[in-house]
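Work the whole structure out from these sequences, hints included.
Sequence lines, in order, name chains A and B.
So for the first sequence, UniProt numbering puts the first residue at 1; every next one is plus one.
So for the second sequence, UniProt numbering puts the first residue at 1; every next one is plus one.
There may be inaccurate statements among the hints.
What follows is a list of derived Cβ distance ranges for each label pair [stated by the list, open to error]: (1) A/V63 - B/L185: 21 to 27 Å; (2) B/W179 - A/G40: 25 to 31 Å; (3) A/G29 - B/S165: 30 to 36 Å; (4) A/G29 - B/R168: 26 to 32 Å; (5) B/M146 - A/K435: 36 to 42 Å; (6) B/A174 - A/E385: 42 to 48 Å; (7) B/G200 - A/R64: 22 to 28 Å.
Short derived list, chain B residues pointing at chain A, Cβ under 8 Å [as the list claims (entries may be wrong)]: (8) T24; (9) G30; (10) R265; (11) R291; (12) A321; (13) M342; (14) F349.
Quick caveat, the hints were computed from the structure, so don't treat them as lab data.
For each residue, glycine too, the CB sits at the ideal point set by N, CA and C.
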Amino acid sequence: MSRRLPRTEGPWAWLAAGSVALSLLLLGGLLLLLAVRGLGHFWPASVTLVELEDGRLLAGQAVRELPLKHRAGRERLYFTGNRDLDGHVWHWLPVDTIVASERPAELVVLERRRHGAFIGRLLAVGESDALLSAQSREAAWTGLEARLAELEALRDEHDRLRRDVLRPLIRRLDARPDDTAARQALAEANARVRELQQAMGGQAALLESVDGRRLVQPLDEVLRAWQPNAMSLGEKSGAWAQGVWRFLSEGPRDGNTAGGVWPAIFGTVLMVLLMSLLVTPFGVLAAVYLNEVAHQGRLTNLVRIAVRNLAGVPSIVYGVFGLGVFVYGIGGTLDDWFFSDALPSPTFGTGGLLWASLTLALLTLPVVIVATEEGLARIPVQQREGALALGATRLETLIRVVLPMAVPAMLTGVILAVARAAGEVAPLMLVGVAKLAPQIPVDGEFPFLHLDRKFMHLGYHIFDTAFHGNDVQAALPLVYATALLLVMVILVLNLTAIFLRHYFRSRHGVQPRP
Amino acid sequence: MIEPQNLVSAPRSPWRRRFDRLATGLIAAGGIGVIVAVMAIGAFLVVEVLPALFGGRLEMERVRLALTPMAWGTLKAALWAMIFAVPLALGAAIHSALFMTQRLRSRMKPTLEMMEAMPGVVVGFVAGLVMAPWIERHLAGVLTLMLVLPLGVLLAAGLWRRLPSGWRRRLSLARAGLWLVPWLLLLALATFALAPWLEGLLFGGDLRVWLDRELGLDYATRNAMIVGVAMGFAVMPSIYALAEDALSGVPSRLGEGAHALGATRWQTLRRVVLPAASPGIFAAVMIGTGRAVGETMIVLMASGNASLMSLSPFEGMRSMAAGIAVELPEAVPGSEAYVLLMLAALLLFIFTFLVNTLAEVVRSRLRRRYRWLGGAA
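Here you go:
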């Protein structure tokens, strides 16, 4: 041989390998970013006391650092809270103007219902009209902690009373206004609520910002308090876990910039649940028809291709269909027939839970049909022939032999459908998602599940908070956390589907029908 | 399990047969009903749009004025997404179909499926609110990175040949997809450390000012480049999955023949496997384009949503899908704006349906060809 054979693969093979590495890097980077920013938000960060050149004092949590725009050097962003004192919560400080910074243990952070966080010193706790002089630091702090625990218990009782006693009584009175027993019970409950409200009020804390301005903060507006600089690692971890739990279990506050995402979780889960109840039977029905009943000819093949293609039609088009047909078409007609006394304010003629679930069911139908069909096609034809030879009818073969074998494939399809529906936002913007739904669509009121109500959704919550909030910077950590939550839910669903599919394929090592 | 005693007497019972026929009929009716309902989408859009369009309620001039920027924006977003996604997806597909070990490949596919499942709203949020301002500050670094990464991979290949053979076996090409990750990370960090110095040297300290002065390019924070990267990230896995299927489906005896004649794996790929699989790769790119055209949330969140008509990667755009999502809830049913948006939806539907059908037809032909190639020898 005159020419030596090339020994290596050449540059292009390496570039191909590089693109695998780059995609892995991008995916890993995105997940890491969401995880770090999303989970980091709940960590009680230390508070720094900063002294500036001009003698000003500031206390806050350092958020990030950027190079200065117009001269050399860097500037640092501090979250300083105290919106009621300063009017804003962020401070950009050029790093070279900071002359001293320390982390005194006595600085407290209070999470409040209004005005966001307070960062500063705690001077005293007590009755609001007797708060004049400062107490010792330990006494004030233990007083505050005890009072906050008390308040938490009172608040729980108050909420329970409203939910379990007051609302049902009011409904009973609405139905029968002359029910004297109910009226009396209502009066008693109202008295108890007033009592609780009174017990919650009264106490206040005397606070002082680091530059010496004082304010009296009613304690019933304080949700949580901690001294981040004095906390040990264990205490911080505890506070972190508590923060995560509150994020998952509470409703949003302060125009979605604080609080939790419980209504959005609930809305997403409920909508997806309704959707899978709708999509599973119909998807399986269509797949069974296509694969078991229909004559396998040119037409069936065309239908199959068309169904497959519908999975590639943009979701927004489904949203347009949902708006035009379900909301304006069917919803409008329903309103004319049954809810005409409520017109012109629409009942079903506007976006709502039912229409959103229907639209998403339609959107995910192709996914379920394709997955189920794939499962049906993998079942060896001998199984069917065996059943028929033993004298079973077509229906019996289907129900007793074919469908049980196809269950994992159906499950895979439904899980993939759920994963797709949970992440889909665009069609929901047309058919029924809300920025802030005051009531979740399930309660004790007849008919318990309110299909006409608007609902909150994790994905839309991300979009709305990130793009329409009034303080995006403050809401950003919560958006990260919400995004992380959504991604986790979807990844877990997808992993389940992948696992099921793998299990199914390895159990029936059958080739699909050509 | 079917119990035997039921089977003996069963087929003679006329009731059972009638019931069977009835149930089968019901399944057929239900199945056809569901399929018709799914297909009704296209019919609905046509019914909403055509009467208004040809009944003279809409002037063609208005339609043209309203839809051209949106159509332009849609295609521009898709174009930049494909510029980013296609090389990445095809490279990854080629590497995992031809070079990776079987074990690694079976891990790689689900990982990239995860990437496909990433919801658009999350990708859009990260692109629009995190990546866009960051890239605006590090524009020079990002642009340099696009040059540095491929060159860095080639550099790694060159260094690899000088390694002792033990190391070479440990860091084999089959596993290069994994061990190149830290290398690329290192390169990226080095690039961003050096970029400000480079920017000062070449562009007088601020690349954005330089772009504006020398090339007349405006730089918008949320622009086509951001959309391209974000949407490329979103559509890349589906292109990858289909292209990988096409490549690994090529009958192995073809490749083995080329290997036997002394070709390297890359030569085999270029002369034998790639031509055989090219229709499948074409189909993969088509389906990717279909997805990029219809993607709503990423464009909405990362594009700035201004209806501009330019090709510049540094300016924003407004796409049809994003326009529908924002404007349709406010449009009064039956009004001109409503019909126009319906028309946009119809166009999207027709476009994606055609593209997907084309891809599907190409793929089914390809499958037949593989069967023929595999069985002919």
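In rising order, the numbers of the hints this structure does not comply with = none
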